[in-house]
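Dock chain B against chain A, hints included.
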Amino acid sequence: MSVSSGPAAKAAKARQSFPTSWHKPPFIKNPLLRWSIIIGAAIYLALAFGTMDVDWGRAAEGLPRGQRFLAAFFPPNFSDNLGVMWDGIFESIWMAIISTIAGIALSIPIGLGAAKNLAPKWVYLVNRSIIGGSRTFPEVILAIFAVKLFGFGPFAGFVALSIGTIGFYAKLLAEDIENMSDSQAEAIKATGANWFQWINYAIQPQVMPRMIGLSVYRLDINFRESAVVGIVGGGGIGATLNTAFERYEFDTAAAILLIIIAIVMALEYTSGFLRKYVQ
Amino acid sequence: MPRIDTDNGPVWKRRTTRKQWAIWFGWLVALAITAYAWQGISEKTIWFFVQDAPRQAADIGGRMVPPKFSYMSKLWAPVWDTLNIATLGTVIALVIAVPVAFAAARNTTPHPIVRTVAIFIIVASRSVNSLIWALMLVFIFGPGVLAGTIAIGLRSVGFCAKLLYEGIEEIDHTQVEAIEATGASGAQKMAYGIVPQVLPTFAGIGVFRWDINIRESTILGLVGAGGIGLELNGSINTLAWTQVSMILLVILVTVIVSEWVSAKVRGAII
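Chains as they are written, first to last, in numbering that gives the first Met the number 0: chain A, 0 to 278; chain B, 0 to 269.
Chain A on its own, in the form it takes in the complex:
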């Protein structure tokens, strides 16, 4: 443009000094960090795929097998093993209920002990390590040992799920207590309440609504987990499912899976509703 003065020149100058195109800023701002994450991820993926001992021939062979396998699932057979299926489902439900109750009963003292603002340091550390231990190992590993100790059947599953519940419930209870409002606790203390009164009137009402919600949620989890502890001998619907798989009765297995999904959906809906109601 040959215009050297006037508003047009000003506009041209403005166009030059401001960028006319714009790029999204990257998610990770530091370029060094960004590139090292990208390159690191690429190296890792190459290594992982390089060392993953996958028999692709076997996997490809598996696809038509998979089709036959899936075809064997349909139609789900609800009728042939109905009695066994009901037995398994009820066993799972009983296991879930009892282990949730027992787990919560054990979680309350452990949770109180694991709250930094309630317990002395050594009690805190002991209880935190109990929680840590029960959180680390999946319910299935706990169930393997419970089966070794208590024999096959729902009792082993019950023990495993109860211990699993402690890791979940006591941890959340402790965190909830740590986050409570101190002014209420002080107010109750100022009335001269003893320790139990203090817990009952200052802390319990503050954590109760959330804890009720979490116990329903945990019941939901325990039912879900009860479907797998059966695979290692812990009783419940998992044992029925495992038997169905081992006897290649895939239509029955499909029916069991559908029932599990239906119950879990119902539980999830109820627990969501209940949690909204109490909060």
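Rather than coming from a laboratory, the hints here were simulated on the basis of the structure. For glycine and all other residues, C-beta sits at the position ideal for the given N, C-alpha and C. Certain hints may be false.
Chain A regions said to be covered by chain B (calculated; three or more residues, Cβ under 8 Å) [as the list claims (entries may be wrong)]: (1) 58-68; (2) 84-94; (3) 134-146; (4) 223-229; (5) 258-271.
Restraint-style ranges between C-beta atoms, simulated for each label pair [what the hints assert, rightly or not]: (6) A:204 to B:32: 23 to 29 Å; (7) A:124 to B:263: 20 to 26 Å; (8) A:131 to B:181: 49 to 55 Å; (9) B:98 to A:199: 48 to 54 Å; (10) B:174 to A:124: 42 to 48 Å; (11) A:74 to B:98: 26 to 32 Å; (12) A:71 to B:75: 47 to 53 Å.
Looking from chain A toward chain B, a few residues come up when the C-beta cut is under 8 Å (computed) [as the list claims (entries may be wrong)]: (13) 23; (14) 26; (15) 47; (16) 50; (17) 97; (18) 152; (19) 157; (20) 232; (21) 234; (22) 240.
Same frame as chain A, now just chain B:
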């Protein structure tokens, strides 16, 4: 607070009589269910084994110490496999979860029917445990890491998609409207209005699920789907208790490290 009038003047109660009775009734029902459930379990329990359990525990506990540290040289490969199962499974899950989440979120779904299907995928994936997925996939792909990876992936889709679609539903709409006002197309709205808002959530979910997956992938070996669970199963079946305790120790360390990494990364993102 209800007031009850008596001859000696009003009495204040915390609840009305009816509400108090309802609460007592609720407790009664809960107690009855518990007792019935306990009976159901107790019937199927051989109490002799339960009484014997402390002795058994002491026996097995005694056989488990000291852990066989030399066994570690054989454990590096399974630990690496376990990490790969968890990581690649999470990657698979995230790849599938993104479209499912956008289809399931109320504000981005193309059609209510698509939304229903997406929600069903999420629920189905979440209700079936990874061990059950692995059980089925081992039938299809044969025993090994591949079945485990896909099992973890399928199981995690529901979790990731659920959290992600909740994140998408909670975005700030004014930003999307601002982008829309510039005349952006649907894809541009997505790329410049929605994605930047959910990207931190997405990264957080990925890392969070990775941490859970490490824990889950330690057990997939029990049904033959690779990783350290395979060694665990073998050691338990051969009653090699010192190896079992070594494996448990390794799992403990792996899980603690992954939890720490995940907490650090999430702390940096959010």
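Now the hints, each set against the structure:
no.	hint	in the structure
1	58-68	holds (count 6)
2	84-94	holds (count 5)
3	134-146	holds (count 7)
4	223-229	holds (count 4)
5	258-271	holds (count 5)
6	A:204 to B:32: 23 to 29 Å	25 Å, holds
7	A:124 to B:263: 20 to 26 Å	22 Å, holds
8	A:131 to B:181: 49 to 55 Å	51 Å, holds
9	B:98 to A:199: 48 to 54 Å	50 Å, holds
10	B:174 to A:124: 42 to 48 Å	46 Å, holds
11	A:74 to B:98: 26 to 32 Å	29 Å, holds
12	A:71 to B:75: 47 to 53 Å	39 Å, violated
13	23	7 Å, holds
14	26	6 Å, holds
15	47	5 Å, holds
16	50	7 Å, holds
17	97	5 Å, holds
18	152	5 Å, holds
19	157	6 Å, holds
20	232	11 Å, violated
21	234	7 Å, holds
22	240	7 Å, holds
When each numbered hint is compared with the structure, violations occur for hints 12, 20.
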